Amino acid sequence: MASMAKMEDAPAVQALIRPATESDVEVIHRFIVELAKAEDFPGTVTARPEDVADALFAADAVAEAVVAVVDGEPAGFALFYPTYSTVLGRRGIHLEDLYVSERHRGSGLGREILAHLANVAVQRGCARLEWWVLRTNVAALRFYARLQARDLDEIEILRLDGRPLLDLASSVAGEALTPRRVHEASS
1 MASMAKMEDA PAVQALIRPA TESDVEVIHR FIVELAKAED FPGTVTARPE
51 DVADALFAAD AVAEAVVAVV DGEPAGFALF YPTYSTVLGR RGIHLEDLYV
101 SERHRGSGLG REILAHLANV AVQRGCARLE WWVLRTNVAA LRFYARLQAR
151 DLDEIEILRL DGRPLLDLAS SVAGEALTPR RVHEASS
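The sequence shown runs 1 to 187 under UniProt numbering.
Hints are not guaranteed to be accurate.
As the list claims (entries may be wrong) - Quick list of simulated restraints, FRET-style, between CB atoms:
hint, residue 1, residue 2, range
1, 14, 102, 31 to 41 Å
2, 91, 57, 32 to 42 Å
3, 123, 48, 26 to 36 Å
4, 72, 167, 44 to 54 Å
5, 145, 16, 38 to 48 Å
6, 167, 123, 37 to 47 Å
The set of hints was computed from the structure by calculation and includes no laboratory data.
Every value quoted in this text rests on a predicted model; they were computed, and no experiment measured them.
For glycine and all other residues, C-beta sits at the position ideal for the given N, C-alpha and C.
Working from the sequences, and respecting the hints, build out all of it.
So, in structure tokens, the structure goes:
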């Protein structure tokens, strides 16, 4: 869901973009809910603040986040995680969520956050920064096109979740599995 509503090119706002800390978990969770609402995302946000904390700060953390701060207040965030391309033999970064609060949309903050992540990718030797965007988020698609992001027409995104995921896993395990936490609803 890497997208924002009402994005326009604008002069960059004065923002501090910093790594998220555990004290940011509640605001990141709130931003995730606001992003889903702004995108009219199909489905319900079932992630809890504890899930966000676990993903970002557990010993086996699977993601990272940055928070954009304007005038001392959180104004947006990005959540991302590493990928690897077997074809390129190089790392990449997948941007899961990019969000700018309504008050700061159109200020250039979204571009600034993406530029920060591009810098992270380059510094880490990554070959690419990639993300998904809902087809219905036309403003985001235009914004990303202005940044020269390529639409990958040759790729279809597929998902196995909920009951079908459990059924397939059980076919190998030979028994019904009890996952740590399963989201029955597709997201």
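Hints and how they fare:
1. Hint check: residue 14 to residue 102, Cβ distance near 19 Å, so the stated range 31 to 41 Å is violated.
2. Restraint check, residue 91 to residue 57: a C-beta distance of roughly 22 Å breaks the suggested window 32 to 42 Å.
3. A C-beta distance of roughly 32 Å is found between residue 123 and residue 48, which places it inside the suggested range of 26 to 36 Å.
4. For residue 72 paired with residue 167, a C-beta distance near 49 Å keeps the hint of 44 to 54 Å intact.
5. At roughly 28 Å, the beta-carbon separation of residue 145 and residue 16 lies outside the given 38 to 48 Å, and the hint is violated.
6. Evaluation of the 37 to 47 Å hint for residue 167 and residue 123 yields a pass: the beta carbon distance comes to about 42 Å.
Hint check: violations occur at hints 1, 2, 5; the rest are consistent with the structure.
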